[in-house]
Amino acid sequence: MQQSGNAERQAGRRTILKAAGASLAVAGLGATATACGGGSGSGDGTVTIRYSWWGAEDRAERINKTIALFEKKYPKIKVKTDFQPYTDFWKKFNTQASGGNPPDVFQNAIGFLRKYDAKNVLLDLSGQVEAGNLSMDGFRAGLEKFGEIDGKLLGVPVGSNSMALVIDKPVYTRAGIKPEQGWTWDDFDEAMTKVRDRTGRAGDSGMYGVMYLYDLYLRQNGKAFFTEDGLGFTEADLTTWWTRAEKGVKSGLFADPKKVAQIKPKSALSAELAGSEFTWDNFTVRYTSEGKSEYGLAPIPTTDGKRTGQYLGSLMLSAYKRTQHPKEVARFIDFMVHDPEVAKIMGYDRGVPTTQTQYDAYRPTDPVNKAIAAYEESLVEAGVLERITPHPNGADICEAAFLRIAEEMALGSRSVEEAVKQFFTESKTALAG
Amino acid sequence: MSAQATDVTPVTDAPPPRSTRAAVLRRGLPGSLAWHLGSLAILAVILYPVLWVIGGSFKESGDIVGSLDLFPGDPITDNYTSLADGIADISISTFFVNSLFLAVGSVIGIVVSCSLTAYAFAKIRFAGRNLLFTLMIGTLLLPYHVLLIPQYVLFRNLDMINTYTPLLLGKYLATEAFFVFLMVQFMRNLPRELDEAARLDGCGHFRIYWSIVLPLCRPALITSAIFTFINSWNDFMGPLIYLNEPGKYTISLGLKMFVDQEGLANYGGMIAMSLVALLPVLAFFLAFQRYLIDGMATSGLKG
Amino acid sequence: MGSAVTHAPATEARTDTGPRHGPEKAPRPAGPKQRGRRENLAGYLFMSPWIAGFLLLTAGPMAASLYFAFTDYNLFDAPRWIGLDNFSEMFGDPRWRHSVRITLWYVVVGTPIKLIAALGVALLLAQKRRGQAFYRAAFYAPSLIGASVSVAIVWKAIFSDDAVVDRTQQLFGIDAGGWTGDPELIIYSLVALTVWQFGAPMVIFLAGLKQVPRELYEAADVDGAGKLRQFWNITLPMISPVLFFNVLLETIHSFQIFSSAYIVGGGAGGNACGPADGTMVYTCYLYVQGFENSRMGLASAMAWMLLVAVALVTAVLFWSQKRWVHYEEGGR
Numbered sequence: 001m002q003q004s005g006n007a008e009r010q011a012g013r014r015t016i017l018k019a020a021g022a023s024l025a026v027a028g029l030g031a032t033a034t035a036c037g038g039g040s041g042s043g044d045g046t047v048t049i050r051y052s053w054w055g056a057e058d059r060a061e062r063i064n065k066t067i068a069l070f071e072k073k074y075p076k077i078k079v080k081t082d083f084q085p086y087t088d089f090w091k092k093f094n095t096q097a098s099g100g101n102p103p104d105v106f107q108n109a110i111g112f113l114r115k116y117d118a119k120n121v122l123l124d125l126s127g128q129v130e131a132g133n134l135s136m137d138g139f140r141a142g143l144e145k146f147g148e149i150d151g152k153l154l155g156v157p158v159g160s161n162s163m164a165l166v167i168d169k170p171v172y173t174r175a176g177i178k179p180e181q182g183w184t185w186d187d188f189d190e191a192m193t194k195v196r197d198r199t200g201r202a203g204d205s206g207m208y209g210v211m212y213l214y215d216l217y218l219r220q221n222g223k224a225f226f227t228e229d230g231l232g233f234t235e236a237d238l239t240t241w242w243t244r245a246e247k248g249v250k251s252g253l254f255a256d257p258k259k260v261a262q263i264k265p266k267s268a269l270s271a272e273l274a275g276s277e278f279t280w281d282n283f284t285v286r287y288t289s290e291g292k293s294e295y296g297l298a299p300i301p302t303t304d305g306k307r308t309g310q311y312l313g314s315l316m317l318s319a320y321k322r323t324q325h326p327k328e329v330a331r332f333i334d335f336m337v338h339d340p341e342v343a344k345i346m347g348y349d350r351g352v353p354t355t356q357t358q359y360d361a362y363r364p365t366d367p368v369n370k371a372i373a374a375y376e377e378s379l380v381e382a383g384v385l386e387r388i389t390p391h392p393n394g395a396d397i398c399e400a401a402f403l404r405i406a407e408e409m410a411l412g413s414r415s416v417e418e419a420v421k422q423f424f425t426e427s428k429t430a431l432a433g
Numbered sequence: 001m002s003a004q005a006t007d008v009t010p011v012t013d014a015p016p017p018r019s020t021r022a023a024v025l026r027r028g029l030p031g032s033l034a035w036h037l038g039s040l041a042i043l044a045v046i047l048y049p050v051l052w053v054i055g056g057s058f059k060e061s062g063d064i065v066g067s068l069d070l071f072p073g074d075p076i077t078d079n080y081t082s083l084a085d086g087i088a089d090i091s092i093s094t095f096f097v098n099s100l101f102l103a104v105g106s107v108i109g110i111v112v113s114c115s116l117t118a119y120a121f122a123k124i125r126f127a128g129r130n131l132l133f134t135l136m137i138g139t140l141l142l143p144y145h146v147l148l149i150p151q152y153v154l155f156r157n158l159d160m161i162n163t164y165t166p167l168l169l170g171k172y173l174a175t176e177a178f179f180v181f182l183m184v185q186f187m188r189n190l191p192r193e194l195d196e197a198a199r200l201d202g203c204g205h206f207r208i209y210w211s212i213v214l215p216l217c218r219p220a221l222i223t224s225a226i227f228t229f230i231n232s233w234n235d236f237m238g239p240l241i242y243l244n245e246p247g248k249y250t251i252s253l254g255l256k257m258f259v260d261q262e263g264l265a266n267y268g269g270m271i272a273m274s275l276v277a278l279l280p281v282l283a284f285f286l287a288f289q290r291y292l293i294d295g296m297a298t299s300g301l302k303g
Numbered sequence: 001m002g003s004a005v006t007h008a009p010a011t012e013a014r015t016d017t018g019p020r021h022g023p024e025k026a027p028r029p030a031g032p033k034q035r036g037r038r039e040n041l042a043g044y045l046f047m048s049p050w051i052a053g054f055l056l057l058t059a060g061p062m063a064a065s066l067y068f069a070f071t072d073y074n075l076f077d078a079p080r081w082i083g084l085d086n087f088s089e090m091f092g093d094p095r096w097r098h099s100v101r102i103t104l105w106y107v108v109v110g111t112p113i114k115l116i117a118a119l120g121v122a123l124l125l126a127q128k129r130r131g132q133a134f135y136r137a138a139f140y141a142p143s144l145i146g147a148s149v150s151v152a153i154v155w156k157a158i159f160s161d162d163a164v165v166d167r168t169q170q171l172f173g174i175d176a177g178g179w180t181g182d183p184e185l186i187i188y189s190l191v192a193l194t195v196w197q198f199g200a201p202m203v204i205f206l207a208g209l210k211q212v213p214r215e216l217y218e219a220a221d222v223d224g225a226g227k228l229r230q231f232w233n234i235t236l237p238m239i240s241p242v243l244f245f246n247v248l249l250e251t252i253h254s255f256q257i258f259s260s261a262y263i264v265g266g267g268a269g270g271n272a273c274g275p276a277d278g279t280m281v282y283t284c285y286l287y288v289q290g291f292e293n294s295r296m297g298l299a300s301a302m303a304w305m306l307l308v309a310v311a312l313v314t315a316v317l318f319w320s321q322k323r324w325v326h327y328e329e330g331g332r
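Protein chains in written order, with the working numbering: chain A, 1 to 433; chain B, 1 to 303; chain C, 1 to 332.
Be aware that one or more of the hints could be misleading.
[Claimed, not checked] The calculated DSS-like cross-link candidates involving lysine-lysine, where the alpha carbons are at most 25 Å apart (straight line), are:
| id | chain 1 | residue 1 | chain 2 | residue 2 |
| --- | --- | --- | --- | --- |
| 1 | A | K194 | A | K250 |
| 2 | A | K327 | A | K145 |
| 3 | A | K80 | B | K248 |
| 4 | A | K78 | B | K248 |
[What the hints assert, rightly or not] With the C-beta cut set under 8 Å, the calculated list includes, among others, these residues of chain C facing chain B:
| id | residue |
| --- | --- |
| 5 | M62 |
| 6 | A137 |
| 7 | R167 |
| 8 | I252 |
If you're looking for bench data, these hints aren't it; they were derived computationally from the structure. Ideal placement from N, C-alpha and C gives every residue a C-beta, glycine not left out.
Could you put the whole structure together from the sequences, leaning on the hints where they help?
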C-alpha cells in the first residue's frame with residue numbers, strides 16, 4: 001500500500017488481524033516446512049543483497065518468512081534485512097544514499113520516486129525486464145505503469161490500495177446513514193451532523209490534514225494537489241477547504257484535535273472519538289486489531305455525483321542505481337511480486353497484491369480483508385479509477401507540512417489565513433530543492 | 001523553614017557537633033514534626049512517577065493511564081511476559097547487551113583518557129598548559145549541537161555510520177571536559193609531598209601517574225565511571241543519529257521503537273519495558289549514591 | 001574512601017581555579033632548561049588523547065560547521081556557498097521563531113523554579129535530622145533518570161487526558177483535557193519534568209551551605225537579626241558562588257533540551273514534536289531540519305545561533321557576577 005506519510009506516520013502499524021491470523025499462520029507453517037533441509041549455501045559465488053523497508057513488527061515477521069522462501073529457491077543469493085518506522089526509514093535511507101551506501105533493494109512510495117531519481121539513486125529496472133530477470137506481465141488494473149517516471153521503471157508495485165472512508169459500522173447504523181457510491185459532499189456533511197447528533201461522537205477524525213483526500217477533492221474539480229513541478233491549487237482553494245474544516249472542528253463535526261493528538265499513534269476512529277476517517281482502504285485491518293468495533297469501507301464523496309477522483313496507489317520495491325548485483329535484485333523483486341506463496345504469507349499487509357497470480361493465490365476468508373478486496377473491485381467496476389497525480393521532488397515534505405499545519409489550524413494555534421500562507425511558504429521551499 | 005539555615009552542618013555522616021544537638025533539643029518537637037512532614041511531602045511528589053511506573057507495569061493496558069490507584073488490586077504479569085517476544089524478532093536482551101557494551105566501553109575510555117589528561121593539567125608544568133586548560137574549560141560550556149552535524153558528516157565520510165565508533169571515539173579522546181575537570185580538581189588536592197618525593201627518587205611521570213596518583217584518585221575515578229555509565233545508558237540523541245539497524249540499537253532506541261511500533265497494541269508492555277530499562281541506573285544509584293552525590297557536590301556534574 | 005571526595009568542596013567548582021595555582025612555583029633543582037623540555041614532552045604526551053580529540057572532534061568540526069552555515073548542503077551534492085541565505089531564511093521562518101520562543105520560555109520559566117525548589121529543599125535538608133541523608137539521596141535520584149526515554153514515556157502518560165494530573169485539575173473544576181494534547185500546555189509538562197530533577201542543583205547548594213561559617217549566624221543571633229534577615233544577609237551572599245554556578249549550568253543545559261521534548265512531543269515517527277509544534281524546542285527543530293529534511297547547511301546555521309545565544313548568556317552571567325557573587329576574601 002501506498003501510505004507514504006500521514007497514515008503510516010501516525011501508525012505504529014500493527015496489521016495483524018486476529019481473524020486472518022490463523023489462516024496466515026497455516027500458510028506460514030507451510031512455507032517453513034517446505035523451506036526445511038536447505039543448509040546455508042556456503043559455496044562460492046554466493047551473493048548477499050541488502051533489503052530495507054518501513055513498517056511494523058508484524059510486517060517484519062512476514063517478510064522474513066518470504067525471504068526464507070526466496071533463499072530456498074535461490075541458494076546463491078543471501079538477503080540481509082533491516083527495517084524502521086516510516087519517518088526513521090527515510091531519514092536513514094537519505095543518509096545512506098548520500099553516503100553511497102543505500103540498500104540494494106528497498107520499499108518505496110510514489111512521493112519519493114522523483115526525489116531520489118533526481119539524486120541518481122534509483123535503478124531503471126527496464127534493462128532487467130529486457131534481460132528477462134524481472135517480469136512486468138500479469139499486473140492488475142494497469143498497475144505495471146505505476147512506478148514509471150519519464151519512461152524509466154523506477155519501482156515495481158507490490159500492493160495496491162485506494163483512499164476510502166473507513167467507518168465505524170455500528171455508529172453509522174445508529175445514525176441511520178448508508179453511504180452509497182456517488183454521494184456528495186453535502187450528503188457527507190449531513191451524515192457528519194447526524195453522527196454527531198445521534199451518537200454523541202464526532203463524525204470524522206480530521207480529514208482536513210489528509211493530503212491524499214484533498215488531492216481527490218481537487219481532482220473532482222479538475223485540479224490536483226501537484227503538477228509535474230509544483231502545487232496544483234491556489235491559496236484561495238486551500239482557504240476554502242480549511243475554513244470549512246475550522247467550522248467543522250468548532251461545531252464538533254470533526255473530533256477534538258486535542259484529544260486526537262493525545263491518543264496518537266492510535267487513530268481517532270479506533271479510539272472512538274470519531275465515527276469515520278478518510279484513509280487507505282487496508283487500514284481497516286489495523287483498526288480492527290486496535291479498536292473494539294466493526295469497521296467498514298464507504299465510498300469517497302463526490303462533487304458532481306460521479307467522479308471520486310480515485311486511483312489505485314501502491315507501495316513499490318525499488319533498487320539502488322549502483323548496486324553490485326542488479327540481476328539478483330531483479331530476481332528478488334520478481335519473486336516477491338509473482339510468487340503465490342509470498343502472497344499467502346504477506347496477505348494484504350502492504351495492500352492488495354498487484355499481480356493476478358498473487359491476487360488469486362491469497363483469497364481472504366475473514367470479513368475485513370474480504371471487504372477490502374470487494375472495495376477495490378467495486379472501484380474497478382464503477383469505473384471511477386483515474387490516472388495518479390504526479391508527485392514532484394519534495395512531495396514528501398509537502399505532505400508532512402500539510403498534515404502538521406492543518407493540525408495547528410485545527411488546534412487554533414494558527415488562523416486559517418496564516419496556515420495557508422505557511423503551507424505555501426514551506427512547500428515552495430520544499431519543491432524548489 | 002528557610003530560617004533554620006543556622007543548623008548547617010557537614011553533610012558527611014560524622015556525628016553532629018554538640019551545639020547542633022543542643023539546637024535540636026531547643027527546637028523541640030513541633031519543628032521536628034514540620035520538618036518530617038515537609039520532607040515526606042516532597043518525597044511523595046518525587047517518588048510518584050517511579051511508583052506509577054512500577055504499579056502500571058502490573059496493570060492491564062487499558063487501566064494504566066486512567067486509573068488513579070497506584071497499584072492494581074489484581075496485579076498481572078502479562079506485560080512482562082509479553083516482553084519475552086522481543087520486538088520484530090529482536091529480543092530485548094539484545095538492546096541490553098548493546099547498551100551495556102557501549103556503557104562499559106565508554107567507562108574504560110573516560111577513565112583512561114580523562115585521567116591522563118587531568119594528570120598533565122594537575123601535575124606537569126609544560127608550555128601552553130594554561131592556554132589548553134582554558135580551551136578545555138571552554139568546551140565545558142560548548143553546546144553539543146554545534147558539533148552534531150559536522151561530526152556526523154565526518155563519520156559519514158569515514159563510512160562509520162551504523163557503527164559504535166562515533167559513539168565511543170570521543171570517550172577515548174577525553175572530550176568529556178567535565179570528567180577531566182573533576183579529576184584535575186581532585187589531583188590538585190592530593191598531598192604534594194608524595195609525588196615530589198617520588199620525583200626526587202627519580203620516578204618518571206608515568207610511574208607517578210600509575211603508582212601514586214591513580215590509586216589516590218580512586219574516588220574521582222569511580223565517580224566519573226558511574227556518571228559515564230549512566231549518561232551512556234540514558235543517551236538517546238547519539239544512538240538516534242548514528243545507529244540504523246535495529247539489531248544494533250541501544251535500550252533507549254529500542255524503547256522508542258517499541259513506542260512507535262507496539263505503543264498502542266501493547267501499552268502495558270511499553271510501560272514494563274520502560275521500567276526494565278531504568279533498572280540498571282536505579283541499581284547503580286542504590287549501590288553508589290554516595291559517590292554520585294559527593295561527585296555532584298564537587299563539581300556540579302550532571303546526571 | 002567515599003569521604004575523600006568531600007575534601008574538594010563545592011566552591012572549588014568555580015572555573016577560575018586555573019592551573020596556575022599549582023604548587024610547582026618553587027624553583028626546581030638541576031638543569032632547569034633540560035628539565036623544562038622533558039616536562040613539555042611529558043605534558044604533551046599525556047595530553048595527546050585530549051589534543052587529538054580537541055582537533056578532530058571539537059575544533060575541526062566547529063570550523064566545518066561555521067563553513068556549512070553559509071552553504072546549501074544536502075549531503076548528496078557538495079556544499080554550495082550561499083552567503084547569508086540560511087540566516088535570512090531562518091529569521092523569516094515562523095517555525096524557527098516559534099522554536100526560539102518556546103525554548104526561551106522553557107528556560108525562563110523552568111530554570112528559576114527548579115533552582116528555587118533546589119535551594120528551598122537544600123535549606124530544609126541542611127538541618128541535621130534523622131533521615132536527612134536518605135531524603136537527600138531520594139531527592140537526587142530523579143536527576144539521574146530524568147533524561148531517559150523511560151521517564152519521558154511515563155511523563156507523557158501522567159500528563160495526558162484523564163490521567164492523574166488532569167484528574168487532579170478536574171477536582172479544582174478545571175478541565176484542560178490533558179496537557180500533552182494542548183499546544184500551549186504541553187511545554188509546561190516539560191517544565192515540570194525539569195523541576196522534578198531539582199536534586200542535582202540541590203546537592204550543590206547543600207555542599208555550599210555547609211561551607212557557611214556558623215559564627216556568622218551566631219553573631220547575627222546576638223545582634224537580634226531575624227531568620228529572614230540572616231538568610232538574606234548571610235546565607236545568600238555566602239552561597240552566591242554556588243548559586244552562580246548553578247544558574248550558569250542549569251541555563252546552559254536548559255537551552256539544549258532534546259530527548260524529553262522529542263519523546264513527550266513525538267507521537268509516532270517523530271516528525272511532529274507535540275501537537276502544533278508544542279514541544280518543537282530549538283534542538284528538535286535543528287534535528288528536523290538537519291536529519292529529516294537533509295538541510296545540513298541550514299541546521300549548521302541554527303547551531304551557530306544557539307552557540308551565540310549560549311555564549312551571550314554566559315557572558316552576561318559572568319559580567320553580572322561582579323555585582324552579586326561574593327567570593328571569600330583571601331580564600332584562594
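Checked hints:
Note on A:K194 and A:K250: the hinted pairing holds, with a Cα-Cα distance of about 16 Å set against a maximum of 25 Å. A threshold of 25 Å between alpha carbons decides the hint, and for A:K327 with A:K145 the separation of about 21 Å falls inside it, so the pair holds. The straight-line distance between the Cα atoms of A:K80 and B:K248 is roughly 14 Å, inside the 25 Å bound, and the hint therefore holds. Between A:K78 and B:K248 the alpha-carbon distance is near 20 Å, which keeps this suggested pair within the 25 Å criterion.
Nearest Cβ of chain B to the Cβ of C:M62: about 6 Å, under the 8 Å cut. The hint holds. This hint holds: C:A137 has a C-beta 5 Å from the nearest C-beta of chain B, less than the 8 Å allowed. Because the beta carbon of C:R167 sits about 6 Å from the nearest beta carbon in chain B, less than 8 Å, this interface hint is met. For the restraint placing C:I252 at the interface with chain B, the shortest Cβ-Cβ distance is roughly 6 Å, inside the 8 Å limit, so the hint holds.
When held up to the earlier numbered hints, the structure conflicts with none and fits them all.
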